[in-house]
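These are the residues of each chain, in order.
There are 2 protein chains.
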Amino acid sequence: MSDLLYKNISNSINLSQEDFNHFMKPFEYRKFKKKEVVLKEGNYCNFEGFVLNGCFKIYYLNENGFEQTLYFAVEGWWITDIDSLINNVPSILNIEALEDSEVLMISKKDKEHLYETMPQIEKLFRVMNQKSSVALQRRILSLTGKTADKRYLEFLEKYPGLEQRLTQQQVASYLGITHEFLSKIRKKIL
Amino acid sequence: MSDLLYKNISNSINLSQEDFNHFMKPFEYRKFKKKEVVLKEGNYCNFEGFVLNGCFKIYYLNENGFEQTLYFAVEGWWITDIDSLINNVPSILNIEALEDSEVLMISKKDKEHLYETMPQIEKLFRVMNQKSSVALQRRILSLTGKTADKRYLEFLEKYPGLEQRLTQQQVASYLGITHEFLSKIRKKIL
Numbered sequence: 001m002s003d004l005l006y007k008n009i010s011n012s013i014n015l016s017q018e019d020f021n022h023f024m025k026p027f028e029y030r031k032f033k034k035k036e037v038v039l040k041e042g043n044y045c046n047f048e049g050f051v052l053n054g055c056f057k058i059y060y061l062n063e064n065g066f067e068q069t070l071y072f073a074v075e076g077w078w079i080t081d082i083d084s085l086i087n088n089v090p091s092i093l094n095i096e097a098l099e100d101s102e103v104l105m106i107s108k109k110d111k112e113h114l115y116e117t118m119p120q121i122e123k124l125f126r127v128m129n130q131k132s133s134v135a136l137q138r139r140i141l142s143l144t145g146k147t148a149d150k151r152y153l154e155f156l157e158k159y160p161g162l163e164q165r166l167t168q169q170q171v172a173s174y175l176g177i178t179h180e181f182l183s184k185i186r187k188k189i190l
Numbered sequence: 001m002s003d004l005l006y007k008n009i010s011n012s013i014n015l016s017q018e019d020f021n022h023f024m025k026p027f028e029y030r031k032f033k034k035k036e037v038v039l040k041e042g043n044y045c046n047f048e049g050f051v052l053n054g055c056f057k058i059y060y061l062n063e064n065g066f067e068q069t070l071y072f073a074v075e076g077w078w079i080t081d082i083d084s085l086i087n088n089v090p091s092i093l094n095i096e097a098l099e100d101s102e103v104l105m106i107s108k109k110d111k112e113h114l115y116e117t118m119p120q121i122e123k124l125f126r127v128m129n130q131k132s133s134v135a136l137q138r139r140i141l142s143l144t145g146k147t148a149d150k151r152y153l154e155f156l157e158k159y160p161g162l163e164q165r166l167t168q169q170q171v172a173s174y175l176g177i178t179h180e181f182l183s184k185i186r187k188k189i190l
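Sequence order for the protein chains is A and B. Position 64 (the first sequence) corresponds to 64 in UniProt numbering; numbering is contiguous. Position 58 (the second sequence) corresponds to 58 in UniProt numbering; numbering is contiguous.
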């Protein structure tokens, strides 16, 4: 169960099995049913979750009330609202399971305790936060700088095989377009 | 000169004066003239810069060739293209001085050496990368979820006094709108 997390961490730091066991202790195994809400806008996010399997959408409502998906979290991805988590402000993001899913959750308090007891964890999350910044920067450049056609191709590359697990509406919400427009793009490209 | 950087760092970690002196060693003091280009799209970014004074625009060209400003970096802000820096890929961002400016620059190599010799620096950049992720997430939510009116009000709040140092075109490029549309918004709001 924790093999995937160990592999994920090993991309950033070298942890002995003993240290990894210590790291794992505060994580809690949780199952979420399809359509179950993990975080609702307005609530405070005090967790980070590592997705073992399944799929989540992390989304917000724009001024017109339309759902804009920030990202999908599948196996090996993390779920949280970092703004709410770090700054203790109500979440603007919603997190919802799109499939029956399994997650390893750690609370903010337990994570902060890990920083104190395991200094090498600082490096892990320094590297992970770098990757998160890169992903968010790419997302901005994509959403505001590229055509919907390119965004669709990027989506296919970033999430191999995921399109088959999503509705057309869900993909369109990630691309920031209507599902009618997505249909046109798919016809043109495929 | 380094007081501003010391203050900036002290928001994240406690460093003794001795440790701060060690931390400062690899930084290089640089002056940039107004309109001088610090980073050009297509080049590799191998630095981070701490802005002592002046102002920079960090921008990219969208599919239509229009300049979209990702952010302005004024006193106390950092300049880099984190994607290019971390992943050794050509930069998509451009960084240009909008005023005569002074910066403390550190190379990627020197920064990595600091991680090895000063473990407490891991925490500093873990916290800074968290803040960067929060800023980028807010920028996405703003650009794709909010009206231009709200984005303009957010800009005024985020960068107090900066509007008077920028052209209308530069502000419009940050908001993702034309300067004609910005004029209308300003008339409506002011």
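Where hints are given, some of them may not hold.
[As the list claims (entries may be wrong)] With a straight-line Cα cutoff of 30 Å, these simulated BS3-like cross-link-like pairs (lysine-lysine) come out:
hint, chain 1, residue 1, chain 2, residue 2
1, A, K184, B, K131
2, B, K150, A, K150
3, A, K123, A, K35
4, B, K131, A, K109
5, B, K131, A, K111
Hints in this document: simulated from the structure, not taken from any laboratory.
For this session: Run the structure past the numbered hints and jot down the numbers of the failing ones, going up.
Result: Failing hints, ascending: 1, 3.
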